[in-house]
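Trainee: These are the residues of each chain, in order.
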Amino acid sequence: MNRRRILAGTVSVVFLGLVALFLPSLHKTAEPAAPTMQPVAQPPTETAATRAESEPPSIPAPVVEAKVAALPPAPQSAALPDVDPHKTFGSRNAPVTMETFSDYQCPACKTLFMTTNRRLMDDYVSTGKVYLIHRDFPLAMHAHSRVAARYARAAAQIGKVEAVEQSLFQNQEKWEQSGDVDGTVAAVLSPAEMAKVRALVKGGTLDSLIDKDFALGQTYRVNQTPTTIFHCKGQTFPYSGVMTYDTLKTFLDQLLSQK
Amino acid sequence: MMQSSPLNLRRAILWIGRLVLGGIFAYAGISKIFFPNTHLWPLFILKFSISTNLSTFAQQVESYKMLSPPVVDLVAHTLPFAELILGLLLLIGWQLRIWASLITLIMLGFLGVVTRAYLLHMNINCGCFATPEPLTGMTVVRDGALAALAVVMTVLAFIEARQPHPWSAPEKV
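These protein sequence lines are chains A and B, in that order. Per the numbering used here, the first sequence starts with residue 1, numbered consecutively. Per the numbering used here, the second sequence starts with residue 1001, numbered consecutively.
There's no promise every hint is true.
Pairs of lysine-lysine residues, derived as DSBU-like cross-links and limited to a Cα-Cα distance of at most 35 angstroms, are as follows [said to hold, decoys possible]:
id: 1; chain 1: B; residue 1: K1047; chain 2: A; residue 2: K233
id: 2; chain 1: B; residue 1: K1065; chain 2: A; residue 2: K249
id: 3; chain 1: B; residue 1: K1047; chain 2: A; residue 2: K249
id: 4; chain 1: A; residue 1: K174; chain 2: B; residue 2: K1065
In short, the hints are calculated from the structure, not lab data. Remember, predicted model here, so these are calculated numbers, not experimental data.
If we strip away everything but chain A, and leave its shape as in the complex, we get (with noise of 0.2 angstroms):
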């Protein structure tokens, strides 16, 4: 009678494992579609003329994609929308596009930064096979995280994204209890290059690229940060979470050598 049981326990786990599996959508708190194998539809591509009315006068024009536009064949980063090339690191033919949907008061988006994006950096961006886009991402959750985008967005537009970055990362324990983002920003910059900043932030125009970003975000169903968007040989494997080196390093390698 104990084969009895087994069998009819057994049958009801590995219903339990089918329903699990097969029913992604229990996960998601935002709209119910689990990243799959296939590549995602991508996001509808501004024309330019689309572009240059929206985007407000004091950025400058996207000279890197003015550039790449004559070479032949079109990379893999061509089709993607709204790139802002302030927050790109990395040559556009890279083989692999990486999108970071990220947040600057989010803990896991801190380790992912501290830890994984540096040694990314060395070893696949500076060296041509990544191309790497931040995307802001900021949630209603965390409540300085927006302002901290502006601050961010506004530092990338003076070519000091990095600094800002770094140290909005390092020191997010202490701006997220006191709220003092300026002066986070403020400790890495010059006082000329902080009055630039400020000059931006206070300007008004950050928003809507904070907001670009966050509804293409949306339409790659990001609900979580961070979410890193694969791109590659024309799929799109989106990722949510934190990533250690080691893993990344395996699956960039495996990824950049399937044919």
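Dock chain B against the given chain A, drawing on the hints supplied.
Mentor: Same frame as chain A, but now just chain B:
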């Protein structure tokens, strides 16, 4: 010898406990291993998905600020599999007393950890399942209810083991 009824209250509670706790444990294990990233093929992508899911779970374990980094890593890479296996064993019902006792200990441990975090007003995710779920009073209540169910189930499993099984053959006179 007279057989005991297969449908008494003790057995009903035991069954409910097994199904609820076994189901929740198996589901918690599966969700931590296979979600939020469920890329299943090819193999290197599956491996990367699982690694990323476990790294994300490690973040949640770390956020409780109770364990050193190597222990966090160990817990994050063993607990989901342990939950899955224990859940399955509970559902199967084999050696129930052992696994029910182990699950009770784990549930009491979870209850202690979430209560501590709640009392310290830690603004963190519970890490109970794959979905980011803020730790609130409801989390403590839910874990308390499950821990109580686990204790009751374990006690009943020990009592039940002393009784003749309803499906067992009657003793020959």
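Trainee: It remains to establish, for every hint, whether it holds in the given structure.
Mentor: Outcome of the hint check:
1. For the proposed pair K1047 of chain B and K233 of chain A, the alpha carbon gap of about 20 angstroms is at most 35 angstroms, so the pair holds.
2. A distance of roughly 28 angstroms separates the Cα atoms of K1065 of chain B and K249 of chain A; the hinted pair therefore holds under the 35 angstroms criterion.
3. For the suggested pair K1047 of chain B and K249 of chain A, the alpha carbons sit about 12 angstroms apart, so the restraint of at most 35 angstroms is met.
4. For the hint pairing K174 of chain A with K1065 of chain B, the CA-to-CA distance comes to about 17 angstroms; that is within 35 angstroms, so the pair holds.
Checked against the numbered hints given earlier, the structure satisfies every one of them.
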